[in-house]
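J.: Each chain, letter by letter, is given below.
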Amino acid sequence: MDKEGVKLMDPVLVAKKLSKKYGKVVALDNADLELYPGEVLGVIGDNGAGKSTLIKALCGAVIPDSGEIQLDGNKVSFTSPIEARKLGIETVYQNLALSPALSITDNMFLGREIRQKGFMGKFFKFLDQKAMAEEARKRLSDLGLLTIQNINQLVETLSGGQRQGVAVARATSFGTKVVIMDEPTAALGVKESRRVLELIGEVRARGIPIILISHNMPHVFEVADRIHVHRLGTRLCVIDPKKYEMSDAVAFMTGAKEPPLN
Amino acid sequence: MNKISDDISKDLKDQPKFTTDIGEKDQDHHSFDLGEQTTLKKIQHFLHGNPTIVPVIILILSVIAFGFIAGGKFFSAFNLSLIVQQVTIVGILAAAQTLIILTAGIDLSVAAMMVLASVFMGKLSVEMGIPTLPAILVGMISGVATGAFNGLLVTRLRLPPFIVTLGTWNIFFALVIFFTGSQSIRSSDIEVNAPLLHFWGERINLGGFVFTYGAFLMIGIFIFLWFLLNRTAWGRHVYAIGDDKEAAELSGIRTDRMLVSIYAVAGFVVAIGAWVSIGRVGSVSPTSFYEGNLDSITAVVIGGTSLFGGRGTIIGSLFGALIVGVFSSGLSIAGLDVLWQRFALGCLIIVAVGIDQWIRKVSN
Numbered sequence: 001m002d003k004e005g006v007k008l009m010d011p012v013l014v015a016k017k018l019s020k021k022y023g024k025v026v027a028l029d030n031a032d033l034e035l036y037p038g039e040v041l042g043v044i045g046d047n048g049a050g051k052s053t054l055i056k057a058l059c060g061a062v063i064p065d066s067g068e069i070q071l072d073g074n075k076v077s078f079t080s081p082i083e084a085r086k087l088g089i090e091t092v093y094q095n096l097a098l099s100p101a102l103s104i105t106d107n108m109f110l111g112r113e114i115r116q117k118g119f120m121g122k123f124f125k126f127l128d129q130k131a132m133a134e135e136a137r138k139r140l141s142d143l144g145l146l147t148i149q150n151i152n153q154l155v156e157t158l159s160g161g162q163r164q165g166v167a168v169a170r171a172t173s174f175g176t177k178v179v180i181m182d183e184p185t186a187a188l189g190v191k192e193s194r195r196v197l198e199l200i201g202e203v204r205a206r207g208i209p210i211i212l213i214s215h216n217m218p219h220v221f222e223v224a225d226r227i228h229v230h231r232l233g234t235r236l237c238v239i240d241p242k243k244y245e246m247s248d249a250v251a252f253m254t255g256a257k258e259p260p261l262n
Numbered sequence: 001m002n003k004i005s006d007d008i009s010k011d012l013k014d015q016p017k018f019t020t021d022i023g024e025k026d027q028d029h030h031s032f033d034l035g036e037q038t039t040l041k042k043i044q045h046f047l048h049g050n051p052t053i054v055p056v057i058i059l060i061l062s063v064i065a066f067g068f069i070a071g072g073k074f075f076s077a078f079n080l081s082l083i084v085q086q087v088t089i090v091g092i093l094a095a096a097q098t099l100i101i102l103t104a105g106i107d108l109s110v111a112a113m114m115v116l117a118s119v120f121m122g123k124l125s126v127e128m129g130i131p132t133l134p135a136i137l138v139g140m141i142s143g144v145a146t147g148a149f150n151g152l153l154v155t156r157l158r159l160p161p162f163i164v165t166l167g168t169w170n171i172f173f174a175l176v177i178f179f180t181g182s183q184s185i186r187s188s189d190i191e192v193n194a195p196l197l198h199f200w201g202e203r204i205n206l207g208g209f210v211f212t213y214g215a216f217l218m219i220g221i222f223i224f225l226w227f228l229l230n231r232t233a234w235g236r237h238v239y240a241i242g243d244d245k246e247a248a249e250l251s252g253i254r255t256d257r258m259l260v261s262i263y264a265v266a267g268f269v270v271a272i273g274a275w276v277s278i279g280r281v282g283s284v285s286p287t288s289f290y291e292g293n294l295d296s297i298t299a300v301v302i303g304g305t306s307l308f309g310g311r312g313t314i315i316g317s318l319f320g321a322l323i324v325g326v327f328s329s330g331l332s333i334a335g336l337d338v339l340w341q342r343f344a345l346g347c348l349i350i351v352a353v354g355i356d357q358w359i360r361k362v363s364n
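Chains as they are written, first to last, in our numbering: chain X, 1 to 262; chain U, 1 to 364.
If you are wondering where the hints come from, they were derived from the structure by calculation, not from laboratory data. From the three backbone atoms N, C-alpha and C, an ideal C-beta is built for every residue, glycine too. Heads up, none of these hints are tricks.
Derived, one-sided and incomplete: chain X residues facing chain U with beta-carbon distance under 10 Å: (1) Ser80; (2) Pro81; (3) Arg85; (4) Leu96; (5) Leu102; (6) Asp106; (7) Lys125; (8) Glu156; (9) Arg170.
Straight line, CA to CA, 27 Å or less: simulated DSS-like cross-link-like pairs of lysine-lysine: (10) X:Lys125 with U:Lys245; (11) U:Lys361 with X:Lys191; (12) X:Lys86 with U:Lys245; (13) U:Lys245 with X:Lys56.
Could you put together the complete structure from these sequences and hints?
T.: Structure follows, in structure tokens:
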């Protein structure tokens, strides 16, 4: 599906005129954003452009002063990432928010554990470790991460890319409508970055739209269907990565070049 | 499918597979270790995955060593079971302390909490004529309440647990003096008015081994907490909070609520310890167990639980308590002065934390 095809559908997630001030600093100034079904939306912007505030507003970590957020056409508001997550907006944080000393299974179900059926589960709240391990293995293999051999391996024994894989598998496992990925390749080497980009492709192939925030221009241009350029607290333009060069994007970002009219 | 993603997957087909190629090959690239270092690394990794092994080895070695030093007297059934009796109270306190330390906290007030709970049990049943079971219940409530109070101060005021419990240690101790007027409740009075308070001090002889009921209860508490920590969501959240509180929060765990519940559960365990302590000591003394706070921390640390949270096992603390008991018993049977028991214990603490630090380097 190309850009026009995408736009025929209703957007999954819409942000309208979001504003946020920190004292006298305007972090968001009537910022808009639309995310369409099945697409990867790259979000780029210079440091201090307000893109991380925008993302935090979308994932519940920051409450905007004004403006509204719509999910599947319904107005939503949340006061914490947990509430956003309950509505289906999952975030893969830059630090991944994993517990290194716990196993892969424990991490994938942290805060959403499966209890045993019957008496032991109901009264003693015993965990159904077998069901959780099976489910975790299934999720990982769905994303092509079968090579993680032992599902009860501690997360700290995994490589950076594998940890990213576990975080992504967790984010796409629970009735997710939107996945927000914050700088997923920032801490990774070349090969592992490749694997994560492939992972983004896998998630998109399963029909889950992704907002990808990254400083890495080649990565954004490689996987994004559309690129949202953020500047001075608001959306400057949305560009098609097939029609523009990376140097154009950088020029728009920094104000060296006038943006195209949408 | 999208054209771009087709291109990507074409690109990616040439890339090496995830674990098989990247993981292992790259690790090989980066390891410059010599053969002998690799063996050390292997040991380090093994200990990292099995943190209870260290205290078990220390326990076995110290039992053997004291067997040689102190001779047959140390190895007698009576002495070995006496060690278990002697560590009962510190063991129960250490069980509670483990919960707190796993969250990267520390509780300096456990022993004061315990004495306060035992004062309620003793005062109400012996001096105020209230039936023993309700009096014990009040003591239990006192334990849970004082624990939850610590937890609330830690979470609401965002104060470090060290400072909170340093404060409440003194507060609880002052309350103990206030309620008792510095007077002990005598063992004979308890025996007459509330014999149930002595229940856990009853002894049972198993072929020369003499155990109190309290010793069995201590083991029971450890097994119960093991299940709680390893088989329930609550237990996994204890570890998650100690490991990385922010990550736990982002994973949807209500960390503040969890922390209060952890301190409250620790308080409940401490209150059980209060009842057992009356059986063990006989009387209720406001000044008893003054060193119980630090002794419990010692047992937990020697048991391999990291003071930085998230790492360690509850059973390790049982071994930690036993190691302390073996050292005290062995050194006193060998005829060494109490000062050398302290000296040896001090060395043990430093060695235990040193080993922990070394093992933790694996994860970096």
